[in-house]
Amino acid sequence: MYDTIIIGAGMSGLAAGIRLAHFDQRVCILERHSAIGGLNSFYRLGRRNYDVGLHAVTNYAPKGTRRGPLARLLRQLRFAWDEFSLSPQVGSEIAFPGVRLRFSNDFGLFESEVVRHFPRQKDNFRRLVAELCDYDQLGRAGTGCSAREAVAQHIDDPLLVEMIFCPLLFYGGAREHDMEFGQFSIMFRSIFLEGLARPLVGVRLILKKLVQKFKALGGELRLRAGVERISVSNGSVDKVILDNGTELECRRVLSSAGWRETMRLCDEVNRPDEHPAGRLSFVESISILDAQPRVLGHDRTMVFYNDSDKFHYGKPDELADARSGVICSPNNFAYGQPLAEGVMRITALADYDRWAALDRQSYQLAKLRWYDRMVASAVRFVPDFRSAVVETDMFTPITIRRYTGHENGAVYGLPQKRYDGRTHLKNLYICGTDQGLVGIIGAIISGISIANRHLLEG
Amino acid sequence: MTADEIKLAIIDILSDIAPDEDISDLKEDVAFRDQLELDSMDFLDIVMELRKRYRIQIPEEEYTELASMSSTVKYLEPRMRDVKQ
Ligand SMILES: Cc1cc2nc3c(=O)[nH]c(=O)nc-3n(C[C@H](O)[C@H](O)[C@H](O)COP(=O)(O)OP(=O)(O)OC[C@H]3O[C@@H](n4cnc5c(N)ncnc54)[C@H](O)[C@@H]3O)c2cc1C
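Here the protein sequences come in this chain order: A and B. For the record, in the first sequence the residue sitting at position 356 is 356 according to our numbering, with numbers rising by one throughout. For the record, in the second sequence the residue sitting at position 83 is 541 according to our numbering, with numbers rising by one throughout.
Next comes chain B alone, as it looks inside the complex (with noise of 0.2 Å):
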C-alpha cells in the first residue's frame, strides 16, 4: 500500500470508531488524542482494526508512534509496502 492508500485506511478505521466524527478535516499532524478525544480503548481499537484488516502486528511499545496521522503513516508505511489493499 502507498502512503496515500494507508492514509485512506485510517481514515476508515477512525470513522469506524467514530461514527459522529467528521474525519475529513481532520488535521495531519495534531494528535488524534487531542483532535478526537480519543482515550486508551480507543488506540488499542485501531491496533486491532489494523491487525483485523491487514494482519500488522504493532508491539505494544510502538503504539505511541499513532499519535497523529502524520506519524501513523510514517510509521506503517514500510510495514505496509506488501500489504495489498
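One chain only, chain A, in its complex shape (with noise of 0.2 Å):
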C-alpha cells in the first residue's frame, strides 16, 4: 500500500515526489515511457542528444537571491543554487518589423527600449509593472480577467502591447490571443522581470538532480508504467491498474498527466466532459551547425519574431503558422566554456489535427516542407545559418503528444486552469500543466504546493 502515487515523472510528478518522500511517505511514480522528463525530454538520434522542452529556465535569479519562485523552490526541495548550475542569457529581442526590443536578466534594459522605442508609452509601462507585481505568484488568483483589456487600461500604442504579449503568449499561453491577468503577470515577471538561463548540458541535468534526490530520499521510480485506469469505489480512488494490468493500491493519487486525461482514466461512468481541451501546439526545428552562432553574427538567446504589426496566436489554418516563431540559440548563454556545436532552434505554432491526418510519407515530406518555410521566415530577422548546417531534425505536435500524453499535443494544456488542484475525488489531485503554472520551473512549484496543500497533511 502506497500513500501517495504520482503519475508522470515530468517536473511536476517528481518535485511533489521529493516533497512527499521527504517527509517519510511512501510514493511512486508511474511513467509511461522509458525515460523521465514529461515535455522536457531528450532524444538521441545520430550520436546527438536533442533536447525536446527546453529553450530556457525562466525565473532566474543569481545566487544568493532569497526571493521569488527559484528561491522558494530550491528551499522546498532543499538545493542548493549551485546544482542546477544555471547560466544567464546573453540577451534576447522581441523583433517586429522596423521595431526591435532588447531585453535581458536586467530589466533596466527592457524599461530603456520601451522607452526608446515608445517615449509616450514612458509612463504607462511603468504603472502596468507597478500594478503587475502586486499578484500573487503562486498561481492561486486565478481571477480571469482577461490580460489583453487589463494592459490596454494602462498602454494604448496597439503594436508595444502586441511586442509585450508576443513572448509571454509563446511561454505561457494556454488560450488563443489572450491570457487571464494572473497568469499574464506570473509570465511577465518570469521573463522579464527575472529572466532567462540555462544549464551547460541542457535540462538533463536538473531532471537528473530530482530523480537522483527522489530515490535517495527512499521514493520509487516505475518506468514504462503507464497507468491504465484509476479504480474508484464509494467517491474515492483505491488503486490503479497498469497497461500490463498490474494492480497498486494507494492512499491517494496526484496526477501530472493532465485534467481530461485524468478523468478518463477514472473508471466511473461518464465524467462529462466540463473543460475543452486545449488546442495549441508547436512545431519546432533544429539545426545543427558547424559554427558557433556567434561567429556568422548571430548574439542573442532568444528572438520572438513577428511578420507584421498584428501578433497572431491562434490554431493555424496551415500545418504550421511561419508569420511569427522562436529563435533560441542555446549557444548564447553565459557558460564557463562554450558548447560543442552551434545550434539554432525555431518554435512556430501547429495544428496538431493536420499532422495527426496525415500519412507517414507525407509526415515526412511535411517535415522537410516546414523546416524550409520556418528557417526562411526566421532569417529575415537573424543572420542566414542555412550555408552552416550540417544536420536537421523536426519535431511536431505528435512528438509533444508521444511525450506527454497530452491530448491534441497541447503544449500548455486546458485554457482553463484548475488552480485548487482538486478532483471530483477526496483523494484525487492533479499538479503540472492543467493545474496553473506552465514552463519548467512553474511545473515545479506546482507539484510542490499541490503536495503542500493537500497531501502533507495527517
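A hint or two may mislead.
What the hints assert, rightly or not - Restraint ranges, calculated between C-beta atoms of paired labels, are given here:
| no. | chain 1 | residue 1 | chain 2 | residue 2 | range |
| --- | --- | --- | --- | --- | --- |
| 1 | B | Lys510 | A | Leu365 | 56 to 64 Å |
| 2 | B | Asp474 | A | Gln337 | 26 to 34 Å |
| 3 | B | Asp470 | A | Pro338 | 38 to 46 Å |
| 4 | A | His424 | B | Gln515 | 27 to 35 Å |
| 5 | A | Ser87 | B | Asp474 | 25 to 33 Å |
| 6 | A | Pro338 | B | Ser482 | 37 to 45 Å |
| 7 | A | Asp238 | B | Gln515 | 27 to 35 Å |
| 8 | B | Ser473 | A | Ala356 | 47 to 55 Å |
Unchecked claim - Covered stretches of chain B (chain A as the covering partner; in silico rule of three or more C-beta atoms under 8 Å from a C-beta of chain A):
| no. | region |
| --- | --- |
| 9 | 464 to 477 |
| 10 | 501 to 514 |
By construction, these hints were calculated from the structure, which means they are not laboratory data. Beta carbons are placed, not taken as given, at the ideal position from N, Cα and C, and that holds for glycine.
Taking the hints as your guide, dock the two standalone chains into a single complex.
Pasting the structure below:
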C-alpha cells in the first residue's frame, strides 16, 4: 500500500515526489515512457542528444537571491543554488517589422528600450509593471480577468501591446490570443523581471538532480508503467491499474497527466467534459551548425519574431504558422565554456489535427517542407545561417503528444486551469500544466504547492 | 534536550532548508523572516521537520512562537525536555 501514487515523471510529478518522500511517505511515481521528463525530455539521434522542450529556464535569479520562485523551489526541494548550474542568457530580443526591443536579465534594459522606441508610453508602461507586481505569484489568483483588457487600460499603443504579448503567449499561452491577467503577471515576471538561463548540458541536468534526490529519499520510480485506469469505489480512489494489468493500492493519487486525461482514467461512468481541451501546439526545427552562431553574426539568446504589426496567437489554418516564431540559440548563454556545436532552434505554432491526419510519407515530407519554410521566415530576423547547417531535425505536435500524453499535443494544456488541484474524488488531485503554472519552474512549483496543500497533512 | 541542543537542532534544520545561507552568524532576537526572508511555506517546513525528526507536534495557532531563534528555543525547551538527541 502506497501513501501516494504520482502519475507522470515530468517536472511537476518529480517535485511533488521529493516533497512527499522527504516527509516519509511511501511514494511511487509511475511513468508510461522509458525515460523521465515528460515534455522536457531529450532524445538521441545520430550520436547527438536533442533537447525537447527546454529553450531556457525562466525565473532566473542570481545566487544569493532569497525571494521569488527559484529561491523558493530550491529551499522547498533542499537544493543549493549551484546544483542547477544555471548560466544566464546573453540577451534576447522581440523583433517586429521596423522595431526591435532588446531585453536581458536586467529589467532596466527592457524598460529603456520601451522608452526609447515608445517614448509616449513611458509612464503607462511603469504603471502596468507596478500593477502586475502586486499579483500573487503562486498562481492562485485565477480572477479570470482578461490580460488584453487589463493591459489596454495602461498602454494605448497597439504595437507595443503586441510586442509585450508575443513572448508571454509563446511561453505560456494556453488559450488563443489572450490570457488571464494573473497568468500574464506570472509570465511577465518570469521572463522580463527575472529572466532566462540554462545549464550548459541542458535540461537533463535538472531532471537528473530531481530523480537522484527522489530516489535517495526512498522514493520509487517505475518506468514503462503507464496507468491504464484509476479504480474508484465509494467516491474515492482505491487502486490504480497499469497497462500491463498490475494493480497498485494507494491512499491517494496525484496526477500530472492533465485534467481531461486524468478524468478519462477514472473508471466510473461518464464524467462530463466540463473543460474543453487546449488547441495550441508547436512545431520546432532544430539545426546543427558547423560554427558557433556568434561567428555567423548572431549573438542573441532568444528572438521572438513576428512579421507584421499584429501578432496572431492561435491554431493556424495550415500545418504551422511561419509568420511568427521563437528562435533560440542554446549557445548564447554565459557559460564558462562554449557548447560543442552551434545550434539554432525555431518554434512556431502548429495544428495537431493536420499533422495527425498525414500518412507516414506525407508526414516526413511535411517535416522537410516546414523546416524550410520556418527557417526561411526566421532568417529575415537573424543572420542567414543556412550555409552552416550540417544536420537537421523537426519535432511536431505528434512528438509532443507522444512525450506528454496531452490531447492535441497541447503544450500548455487546458485554457481553463484548475487552480485548487482538487477533483470530484476526495483523494485524487492534479498538478502540473493543467493546475495553473506552466514552464519548467512553474511545473516544479505546481508539484510542490499541491503536495504541500493537499498531500502532506496527516 | 537542553536549550543549547535545541538551538543546534534548529540550526541544522535551517541549513537544510536554506543550504546557501550562512546560518552561523544568525542573530538570536531578529525574526527568521527578516534575516533569511523565509516565507510561510518555509515556516511550515520548520514545523514539519520538527515533527519528522523529534515527533514534536506544534498546533497551528502556535506557529508564531517560532519567529526568531530565541523565541523558538524558549517555546520548545519545555516541550523537548524529554526528547533524546
Ligand atoms: C517546444 C517546447 C518548448 C518549451 N520551452 C520551454 C522553455 O523554454 N522554458 C520552460 O520553462 N518551459 C518550456 N516548455 C514547457 C515545459 O516543458 C512544460 O510546461 C513542463 O515540462 C510541464 O511539466 P509537467 O510536469 O506539468 O507535465 P509533463 O512534462 O507533460 O509530464 C507529464 C508526464 O506524465 C506522463 N504520463 C501521462 N499520462 C500517463 C499515464 N496514464 N501513466 C503514466 N504516465 C503518464 C507523461 O509521459 C509525462 O512524462 C516548452 C514546451 C515545449 C513543447
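Structure-based check of all given hints:
no. : hint                              : result
1   : B:Lys510 <-> A:Leu365: 56 to 64 Å : holds, 58 Å
2   : B:Asp474 <-> A:Gln337: 26 to 34 Å : holds, 32 Å
3   : B:Asp470 <-> A:Pro338: 38 to 46 Å : holds, 41 Å
4   : A:His424 <-> B:Gln515: 27 to 35 Å : holds, 32 Å
5   : A:Ser87 <-> B:Asp474: 25 to 33 Å  : holds, 27 Å
6   : A:Pro338 <-> B:Ser482: 37 to 45 Å : holds, 38 Å
7   : A:Asp238 <-> B:Gln515: 27 to 35 Å : holds, 29 Å
8   : B:Ser473 <-> A:Ala356: 47 to 55 Å : holds, 52 Å
9   : 464 to 477                        : holds (count 4)
10  : 501 to 514                        : holds (count 4)
When each numbered hint is compared with the structure, no violation occurs for any of them.
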